[in-house]
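Chain B with the ligands: place on chain A using the hints.
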Amino acid sequence: MANLSIRNIRKTYPNGVEVLKGINLDIADGEFLILVGGSGCGKSTLLNMIAGLESVTEGEIAIGAKRVNDLPPKDRDIAMVFQSYALYPSMSVRENIAFGLSLRKVPKAEQEATIARVAKLLQIEALLDRRPAQLSGGQRQRVAMGRALAREPQLFLFDEPLSNLDAKLRVEMRSEIKLLHKRLGITTVYVTHDQIEAMTLGDKIAVMKDGVVQQFGTPDEIYQRPTNTFVASFMGSPPMNLIPATLAAEGDRVVARVSVGERGAITATLPLSPSPSALTAWMNRKVLLGLRPEQISDTVRASESVQISIPVTLTEITGADALVLTKIGGVSVVCRLHPQSVGARDWVNVQVDMTHAVLFDQQSGQRID
Amino acid sequence: MSKLSRACIYAVLILAALYTLAPLWVMVATSLKSLDEIREGSLIAAPLAPSLSSWGKAWSSACSGVRCEGLQPFFWNSLIMTIPAVLISTFVGALNGYVLTQWRFRGSEVLFTALLVGCFIPFQVVLLPMARTLGAIGLSDSVIGLIFVHVVYGLAFTTLFFRNYYVSIPADLMKAARVDGAGFFTIFWRILMPISGPIFVVCIIWQFTQIWNDFLFGVAFAGSDSQPITVALNNLVRTSTGVKEYNVDMAAAIIAALPTLFVYIVAGKYFVRGLTAGAVKG
Ligand SMILES: Nc1ncnc2c1ncn2[C@@H]1O[C@H](COP(=O)(O)OP(=O)(O)O)[C@@H](O)[C@H]1O
Ligand SMILES: [Mg+2]
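Chains A and B, in that order, are what the protein sequence lines are. Quick note on my numbering: the first sequence kicks off at 1 and runs consecutively. Quick note on my numbering: the second sequence kicks off at 1 and runs consecutively.
Chain A with its partners taken away, still in its complex shape:
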């Protein structure tokens, strides 16, 4: 049981490339931290540094208030699950699970008990005497988890453990990992490039890009109040709409004016609520108005909802929702409606819920508060 603290971590590989540029993260005991970001942003590097598999160029890593920078992996009391599962090919499932235990001189009887326990937990009892080559992808994944669970570590590390599974199995295993975490309460760091995995699993999410944490917060904060346009478009599917708008004062409120339609002949006025006082500097300037697809819908969600009429470019029925593609502010915008409210019409009326609207600086992409 331990908290994890990462202070000003930098990593420069021997070839001179700086891969991590000052990372700061803190999670409490028992929390589930997600590192999410595109390929090559340094997620695995950071995880390997926490594990002790890569050296720390600069900064400090502490597990349970103990500085671990110079400890080898085996002395950090961690367990790790890899994307490729990394099962020992010549050993049976049983031997794979027992390997770490026997290296730690755990008595034979205790090893047997542990193997029985994790095999039961992960329902792999029937596979114990097979070799990794005789297992399916999903079974290998379970065994890899079992090997990690056998050690009852202070800290669990996962590096994209589900990305080699097919879609159905991935969803199943995702819930199972979540349940396991609930049951065992072990502090976990989980790397993924899949934002849905990030949103569903994490207590805290760190969104990374180019070796920098763009935002660190709860899934809700990340989803509702992304700090910049990268986070806004990376998290959420479909991503947040970023609509060019002009701010203006109208009475005692601030409104965002956007053009609607292909030619932009119609202008819609959307009152911001609440109108932060910091916006005075932005009057009559162009900004990006961030609206999630479900904030442009046919449901009246808040008293602040504004009704506007939009042209329909394309409709995609996903089952529960109809994703309507339209043109607002000169860019393509996705709205989430009920399937029955879109017929074969060219224009539909939608409600824009402005309570959770976010504004971004067009130049820097940073959120305006």
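FYI, nobody ran anything at the bench for these hints, they're computed from the structure. Bear in mind that the values here come from a model prediction, so they are computed numbers and not experimental data. Among the hints, erroneous ones may be present.
[Said to hold, decoys possible] Here's a subset of chain B near chain A, in silico, CB distances under 10 Å, partners left out:
no., residue
1, E69
2, D172
3, V179
4, A182
All C-beta atoms in this analysis are idealised placements derived from N, C-alpha and C, irrespective of residue type, glycine included.
Frame of chain A; chain B with the ligands shown alone:
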């Protein structure tokens, strides 16, 4: 495929097989004939009264230089030289390959390239410097010296074999083992060795053939009582008292070649498999 083209292919294959096997047949047949029969009969005819007497002579009483004890003592010389040299060079090559792929360090690629160049250095170039080195470390004219030469010369090849085999092992496997608490040698013994069977076979066959068949290093560095069988065979064929005993020469040549033949037959199917396998299935 038409019957005709299939027949053509078989014809070509059979001819090729006959062509390669013909010398062996001539050797076996001649070794079983008496000298009279060799003089009168045809080269490829089967022996009329096969006899193993020339084999016995080649093994235990033919004269090679001044010693007339057959090939037997030299056969053991070759064996006690070849077996340690093969095992040591293979094992060190495995360790080298392991380090060069899984424990890369600054300059490891340069080192590997340098080792690779070692594969292309001709024997002759090594002779004089090696003679001086052996003299300096006091191993001239000894079996141990000869083993040393073969190990050094063979390392470039064995390292190359193992490096190319181990390079396909995923880095995650090493990481998982390190997290589990395994160190340098534990990973080598417990994880790599069990999956290295095919490449060990390839390497051992290659090294055994090279070292057993070597003549130049044997001539240059072996003492008179540590000469390998290849050198003794040469002396035996060239030592003649009056008549040239072709049957004994042939028997001696086959005896000298038998161990490599044996190794191929025992391990041959792994040889091809190991050369083509490479990838390690997890
Ligand atoms: N051993 C290494 N030497 C040099 N560069 C590396 C090494 N490992 C990773 N990198 C580079 O560091 C960057 C981040 O890699 P990684 O942490 O694996 O990214 P991610 O897991 O987010 O996809 C990549 O650009 C990658 O090419
Ligand atoms: Mg990665």
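Status of each hint after checking the structure:
1. Using the Cβ-Cβ criterion of 10 Å, the hint placing E69 of chain B at the interface with chain A is not satisfied: the shortest such distance is roughly 47 Å.
2. Using the Cβ-Cβ criterion of 10 Å, the hint placing D172 of chain B at the interface with chain A is satisfied: the shortest such distance is roughly 4 Å.
3. Interface hint at V179 of chain B: satisfied, since its Cβ lies 5 Å from the closest Cβ of chain A, which is below the 10 Å cut-off.
4. Proximity of A182 of chain B to chain A holds as hinted, the smallest CB-CB distance being about 6 Å (cut-off 10 Å).
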